[in-house]
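Novice: So the chains spell out like this:
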Amino acid sequence: MKKFLRKKPADLFLSLFTWLCAAATFLVLIFIIGHIVINGAPYIRPSLFAFRYNSDNVSLFPALVTTVMTVMLSLIIAVPVGVFSAIYLVEYAKRGNRLVKLVRVTAETLAGIPSIVYGLFGMLFFVIWMGWGMSVLAGACTLSIMILPLIMRTTEESLKAVPDSYREGSFGLGAGKLRTVFRIVLPSASPGILAGIILAIGRVVGETAALLYTAGSIARIPGSPMASGRTLAIHMYALSSEGLYTGQAYATAVVLLVVVIGINAMSAYMAKKIVR
Amino acid sequence: MDKFILRNVELWYNDFKALKDVSMDVERNSITAFIGPSGCGKSTLLKSLNRMNDLIEGCKIMGDFLLDGENIYEDIDVNMLRKRVGMVFQKPNPFPMSIYDNIAFGPRTHGIRSKYKLDEIVEKALRDAAIWDEAKDRLKKSALSLSGGQQQRLCIARALSVSPDVLLMDEPTSALDPISTSKIEDLVMELKKQYTVVIVTHNMQQATRISDRTGFFLLGELVEFGDSEQVFSMPRDKRCEDYITGRFG
Ligand SMILES: Nc1ncnc2c1ncn2[C@@H]1O[C@H](COP(=O)(O)OP(=O)(O)O)[C@@H](O)[C@H]1O
Ligand SMILES: [Mg+2]
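Chains as they are written, first to last, in my numbering: chain A, 25 to 300; chain B, 19 to 267.
It is possible that some hints are incorrect.
Dumping the calculated DSS-like pairs for lysine-lysine here, alpha-carbon to alpha-carbon at most 25 Å [stated by the list, open to error]: (1) K154(B) with K297(A); (2) K296(A) with K35(B); (3) K35(B) with K118(A); (4) K38(B) with K256(B).
Looking from chain A toward chain B, a few residues come up when the C-beta cut is under 10 Å (computed) [to be verified]: (5) Y116; (6) R119; (7) G157; (8) A185; (9) D188; (10) R191; (11) G193; (12) S194; (13) F195; (14) R207; (15) P211; (16) S212; (17) G216.
Calculated from the structure, these hints are not laboratory results.
Each residue gets a CB set at the ideal place from its N, CA and C atoms; glycine is no exception.
Working from the sequences, and respecting the hints, build out all of it.
Specialist: Listed below in structure tokens is the structure:
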């Protein structure tokens, strides 16, 4: 106790403050999750997972399917493009290359644009100009542009974090550039890349504004990527804006939480598998 | 013929001249040591022997580098050169994968796929680097779980796995404790029976103990080069003498 008192007042204040902030963050998280679970859990019943949606069961199952589809499609587009551009920027481009600067500025600008702007662009470009109509594909393409900078950035950072000594070791054995990048550098960077992908999934799952104008809000399981569909987030938005199904909206939020936590756990497991 | 013949080697990092008119011959099946104060160009010259300097932007090299009579900057594919001239770095740098995969990476790079063949190579490399006994029961374990000294011997094994002729070592013991250091010194003396070794060291005792010939560098110049015995007992150059006797300042 004496020691505690002997601390300088500023130190004491600072450590108390840090502690309070940490506690506040934790409490807010607990509060949000508790609030959602308490309000939503009673509404989770089998009918909520009925194959078809109608205004009686307010099933979230079609939205769940649409969410998975949207996540998959946007990742299939954004991950290869993002990862390969990052590989180019970090491993191949010469320092001070004009193109590198251009790509970087573009990516940073893209990252700062509000998602509703992506939505409007997606509507003009994919829905109208490409003639795809409101569709899961148009939505996923829009989202993939939105998450591209995120994936590029995190991949770039994780590639840069791979020590040069690994590259030297590989080159020193007579391995070429391609083999060094894909067998040594990329595996070492994969946990970081995966973390970026998880963040990207989080953004896709939580996105509404960019999807409203591109994927629409039809509560049916989309028969193909060209059909319209609503993700869980849009579903929640629709339910709560109608004002009749607040409980079901909360139940959907619980499912959304579980999905996100599940995806995170799975990715963490995969990352561990890859690194060994 | 000598293993390496260097003539009038000059090297620039952009505008900075790091090697000035260096000429030397490296005898085969011998240990050649490079000594000198830090920043004098020892690592630079060592790295130019297997063209690791190619990776550095702004690095320009002139002069002749002959390996068994072939010009390494003109006649030999760079990856084949690095297969023939292996390298061990100052800090142990095992890949973040299993011990087995660390050693198998090199042979796999050069097209060996057979499991049987790979097993054989891995065992031989680990034996030659005197780490087989410590590693044989944990080949599938991460190489990063080894101690620093073991990691460095693993890196030596990894370099041996592609059966090079020459082994370049850049202060391979500077990050290690005395026991690991003496193990590696013993190992290097054993290796010279089969390989030509070029080693950079800032430890004079080490150079005396293990090397057959020694080159003393100063500010990018090769000031003195000869049999280690002569260099350390009767250096011809005053600056070399001052450095060896510790009167350098
Ligand atoms: N990549 C590089 N770019 C620019 N200068 C370098 C680079 N590497 C080394 N140098 C310079 O070249 C000189 C020789 O370096 P080095 O060969 O590493 O010395 P040593 O190994 O003898 O300590 C030093 O002055 C160093 O600053
Ligand atoms: Mg050095």
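Novice: Can you name, in rising order, the numbers of the hints this structure does not satisfy?
Specialist: 2, 5, 7, 8 and 17
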